[in-house]
Amino acid sequence: MARSISYREAIGEALRQEMRRDERVVVMGEDIAGGAGAPGADDAWGGVMGVTSGLFGEFPGRVLDTPISESAFIGAAIGAATRGLRPVAELMFMDFMGVCFDQIFNQAAKFRYMFGGKAVTPVVIRTMYGAGLRAAAQHSQSLYSIFTHVPGLKVVTPSSPYDAKGLLIAAIRDDDPVIFCEHKAMYDVVGEVPEDSYALPFGEADVVREGSDVTVVAIGRMVSVAGQAAERLAAEGVSVEIVDPRTLSPLDTETILDSVENTGRLVVVDEATPRCSMATDISALVAREGFGSLRAPIEMVTAPHTPVPFSDALEDLYVPDAQRVANAVKTTVGYQR
Amino acid sequence: MARSISYREAIGEALRQEMRRDERVVVMGEDIAGGAGAPGADDAWGGVMGVTSGLFGEFPGRVLDTPISESAFIGAAIGAATRGLRPVAELMFMDFMGVCFDQIFNQAAKFRYMFGGKAVTPVVIRTMYGAGLRAAAQHSQSLYSIFTHVPGLKVVTPSSPYDAKGLLIAAIRDDDPVIFCEHKAMYDVVGEVPEDSYALPFGEADVVREGSDVTVVAIGRMVSVAGQAAERLAAEGVSVEIVDPRTLSPLDTETILDSVENTGRLVVVDEATPRCSMATDISALVAREGFGSLRAPIEMVTAPHTPVPFSDALEDLYVPDAQRVANAVKTTVGYQR
Amino acid sequence: MTGTVSEHAAAPAGADLVAAYRTMRTIRAFEDRVHEEFATGDIPGFVHLYAGEEASAVGVCVHLDDRDSIASTHRGHGHCIAKGVDVKAMMAEIFGRRTGSCNGKGGSMHIADLSKGMLGANGIVGGGPPLICGTALAGKLAGNGAVSVAFFGDGASNQGTTLEAMNLASVWNLPAVFVAENNGYAEATASRWSVASDNIADRAAGFGMPGVIVDGFDFFAVHEAAGEAVARARDGGGPTLIEVKLTRYYGHFEGDQQTYRGDEVARARQGLDCLARFRARVTETGQVSGDRLDVVDAEVAALIEDAARAARAAAKPSEVDLETDVYVSY
Amino acid sequence: MTGTVSEHAAAPAGADLVAAYRTMRTIRAFEDRVHEEFATGDIPGFVHLYAGEEASAVGVCVHLDDRDSIASTHRGHGHCIAKGVDVKAMMAEIFGRRTGSCNGKGGSMHIADLSKGMLGANGIVGGGPPLICGTALAGKLAGNGAVSVAFFGDGASNQGTTLEAMNLASVWNLPAVFVAENNGYAEATASRWSVASDNIADRAAGFGMPGVIVDGFDFFAVHEAAGEAVARARDGGGPTLIEVKLTRYYGHFEGDQQTYRGDEVARARQGLDCLARFRARVTETGQVSGDRLDVVDAEVAALIEDAARAARAAAKPSEVDLETDVYVSY
Ligand SMILES: Cc1ncc(C[n+]2csc(CCOP(=O)(O)OP(=O)(O)O)c2C)c(N)n1
Ligand SMILES: Cc1ncc(C[n+]2csc(CCOP(=O)(O)OP(=O)(O)O)c2C)c(N)n1
Ligand SMILES: [Mg+2]
Ligand SMILES: [Mg+2]
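Residue numbers (our numbering), protein chains in the order written: chain A, 1 to 337; chain B, 1001 to 1337; chain C, 2001 to 2330; chain D, 3001 to 3330.
Among these hints, one or two may not hold up.
Unchecked claim - Simulated pairs of lysine to aspartate or glutamate, EDC-like, Cα-Cα distance not exceeding 20 Å: (1) A:LYS118 to C:ASP2032; (2) B:LYS1118 to D:ASP3042; (3) D:LYS3088 to D:ASP3042; (4) A:LYS118 to C:GLU2319.
Stated by the list, open to error - In silico contact screen, one side only, chain C against chain A (beta carbon under 7 Å); selected entries: (5) LYS2116; (6) ILE2124; (7) CYS2133; (8) VAL2171; (9) VAL2288; (10) SER2289; (11) GLY2290.
Derived from the structure by calculation, the hints contain no laboratory data. A virtual CB, placed ideally from N, CA and C, is assigned to each residue, including glycine.
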């Protein structure tokens, strides 16, 4: 797999390959092609980040621009899924969930259970999250914990181009509603990605780096931040194991618990705000089921309990960085009961 | 304080007293009076649970029925709060947050920070949560963890008529947006409530019962369930301390940590679904800051990771009960490292 | 599959008339029975009854078949029955039994049968209209002439989701029909107050579709308007908004004291009732005999009796059902 | 405070004309400068420029004072300036400085000044219309004649929140004005495609209010329509929807290649430009001399130069600012 492509391209390729393979797959969203009804190019944008660029021409009628009506078109994707299509809807920024959350959490997520197991709703909602682009409080949030809280949803947070492709293909083939979270600061990250189609299983964490002193569970873009911290710490003789859950729901609890059993220490790195978050979720898991192996308090490295600030000077302090991760690791390593 | 009234009446009384005291307080919601434009009674309902009954007549022009347009009227309450009113808006069932969440979490919650501290948004959103009334998957959820995840919001979960009155008065006087969560199965619960007006401070947990073996942190209606469990366990010689946080945001971490320091054991009882929940939030707090005192794994008693089922037979299994709490307490007491 | 407008809008005759009457009668008898059963305290939760509004659900759904989809509301029993959901399974569901349409997990507000194109009653006001944009899209892409219908109330006509869905349906030129059942109230709030325009149908123009108003007590009026709208949708002519004006006979939910109302219900029951009017018309014109309708009434009564007895006798779900069917795989 | 329709709709004269011109010119110069500064890479994040649309913000806001409120959009600089927000503080905010309107915490999409009744630019399409229902309610209850205005785009006219807000404003008979700025596009999507009705103004009837269409290149046309609407609102006559048709001169955001557009911008800049038309009209009629306007242009240029320099020179917020001002108390 010598070929390297970007996270953006990996996602686009997953969509293209699945659309070729299965004509039930349709994509929709605001400017997902771009230019509807306009005098110029019909597919002027390919999504606000260019992820879906080129699909419009190749798949006539299956790439649908929408009005700015998230409830209506996310709901439409959900309805279509109950009738045989496999829609991939783009909720441009995850922050916009507030105008369409009902369709996601009360409709899609609950159909199967409410209807006694008689509904299948294979819909994927692709959405962009995360801070770092100075996009301020309403365009920078990491709200995956909210979706993870909701039974009936699956939640995916790919941390590399390789994972992005394989997990998106799996999401499209999955028969349940999936929230596919793309970090907006990662679209240009390049990595090796096989050209062939492949699906990565949900609920299987990736041990990104092996180590013996501390387990660091990191989510999404935080996986690479944790990696930087681990490099620095290695130089200081601290051996860090990094676990990337890859899917938050389902969560591979076994891999996390196994790792903590070996290391005895846990740091969770989550760029979201801390309260009722994935950071607390994984902390609680280990405090409950891995307590016997724990040799130190469980540390969390997260954003502060504040909205995302605009100014670069503040945003750089807001997002967890390698230094903060390294400090947390050292705190837990240095702990004396 | 010999007088006993219901949780419903306590809430109604708090509203009435604050509306008398401060004419900037207005209430709004669907059928909050009831009967707008109809030939019969103008205040036919007083809210779907009768909580606001009688206010319409006493406060002309300040009790506003609304169309079924939650985004518009919750947004209106927020906008009005920026211009000097102190609105109390009713989001009938908390489950309906999905059609208006944007106004709550991207607007009200963020104004102060986004605007550099120059906005004040004293709005209260009263909303009904919880299972037990066989109201099924879209009318029974306990979604306070989602609001707690959001910086800028305060979240209140009164567990008795006394707390309901005092905390609602505090919420109305508070200058920040408050999500006031009323448990729908508690409206008829009766308790002693002073007639005079009083405000209970936010961020001060209530040690509802003192004990030495295990700390049980319980939320909302779960406080009384924990109380039943504690009674049974007392008979078996297990001494349970029950802490009711009363406000989830801000959270009185000190009282929780102090209690665990004494008992060495923690069980969190939260009727919400478990992932990224208050149960994990409090577990993580103690695993991080109270680790040194912990003598056993932290147990969580929550709903399963499923929607709320309709049938009484299933709902009774769904909601945590005293037996499950007692079992969790015994597990933690019986733990051997 | 598709046909001309006039063909579809033609008044039904013969067996179709009897079938339509049977469906309306079944809804009425079902709701009256639920009303009685609820009073015994044996039905869990709360229920919203459709009695009085039968001509709407049936006048629309007689134009539909299993490839077509509908989305419903909290007041969904009538839509379910009109779309062919099994009546015994529905009654069992309302009683919270394992034999119910949703194995007892959904209840009155969530009865669904995807195999019949019934996307579910819905506990969220305005929850359905977006969904049918999707089923309509699926029909459009499949090219099978399938049409989708959203039923919603006057209250729901003020919900942003409903309004967005109408615009989207026009923009995508979907085979969709929006049926606003204006029964005068959303809970206790009068629609003449909450809907700022004179008629809900007045909103159609703002979303680029025809809007029509029909008398919801008159099965034939609904039938005609719906026939045109469904035919237009099947022919690729895009969506229509139909406002059906009618009255609900019971309270908003069972237990509602209804002090907000005048004597509309008594007046409607006496002078406007859709079943009585239907009977009068078809017997006066000699299209169907009164005896034939009496037989239908008796058959329906037996069916409902049977459904209620079976529901009461059926087992409830149990612990093994609690955590199943959240996901297809997890 | 309140007045008759004709009084309010009367065309401005003398000093008012110069003031209006100055505000429009300030917006244009501000946006042109932000465009240039953005190209240097020194402005963080992304910005949406209002150049070309000045007659709308100014034509509306000249009717307002500090008791009145407006809600704006992601394209908010023009509304801010028209409502009197300090231009230097705005520029500093856009550069992410401590001296900015929001101490650098908000940025372009969140500039606000509550003391001026400016409720904030808004990153959420359709975020503003609900909010102004509340400020309008506050005005109505205070009885001080305060009016509230929501500016929103053609794209936002399809967002349910906007549609709900219009209905609520009518139902509550609020002193509100809804200004739909139809610049033909929502990002790359044409409004003639996304808005299913011919005009956004066609939606007014469905929400029980008057709907008017005005030429957004013509300050005087906007001024007149807004004057009537504001006067009606102040007099208790309820809300109005005004659709303003105009063109944005720059891309959706800075960096947009605009391959979806034709030559509208060139045509608008040459033949329709609001500033050029304003100048031509007032100089031709002799109401204001060209020299006077030249002086304004120079003053504005100096102000903007000053604002940009000061912004660049100002300090950024620092660690002590990170966690402040989330709550009033916590
Ligand atoms: C989003 C949402 N808001 C409020 C409710 C509570 N509620 C249930 S039914 C109802 C009234 C609905 O009125 P209408 O749409 O006219 O339908 P009808 O009951 O008259 O059939 C309300 C307010 C809800 N279920 N969902
Ligand atoms: C709820 C929501 N959906 C989508 C977006 C992304 N977005 C930002 S501006 C915009 C286009 C807005 O178009 P319009 O309302 O016409 O305003 P204009 O940009 O033309 O001024 C979109 C889709 C958003 N910010 N919020
Ligand atoms: Mg109704
Ligand atoms: Mg636009």
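So, going through the hints one by one against the coordinates:
The hinted pair formed by LYS118 (chain A) and ASP2032 (chain C) fails the criterion: a straight-line CA distance of about 28 Å is larger than 20 Å. Only pairs whose Cα atoms come within 20 Å are accepted, and LYS1118 (chain B) paired with ASP3042 (chain D) is rejected, the gap being roughly 26 Å. Annotation: proposed proximity of LYS3088 (chain D) to ASP3042 (chain D) holds, straight-line Cα distance about 17 Å (limit 20 Å). Straight-line distance between C-alpha atoms of LYS118 (chain A) and GLU2319 (chain C) comes to about 19 Å, which keeps the hinted pair within the 20 Å bound.
The restraint placing LYS2116 (chain C) at the interface with chain A is violated, with a minimum CB-CB distance near 11 Å, outside the 7 Å limit. At its closest, the beta carbon of ILE2124 (chain C) sits 5 Å from a beta carbon of chain A; the interface hint therefore holds under the 7 Å criterion. Taking 7 Å as the C-beta cut-off, the interface hint given for CYS2133 (chain C) holds, the closest approach to chain A being about 4 Å. Using the Cβ-Cβ criterion of 7 Å, the hint placing VAL2171 (chain C) at the interface with chain A is satisfied: the shortest such distance is roughly 6 Å.
The interface hint given for VAL2288 (chain C) is violated, since its Cβ lies 36 Å from the closest Cβ of chain A, which is over the 7 Å cut-off. Hint on SER2289 (chain C) is violated. Least Cβ distance to chain A is approximately 40 Å, over the 7 Å limit. A cut of 7 Å between beta carbons decides the hint on GLY2290 (chain C): the least distance to chain A is about 40 Å, and the hint is violated.
Checked against the numbered hints above, the structure violates hints 1, 2, 5, 9, 10, 11; every other hint is satisfied.
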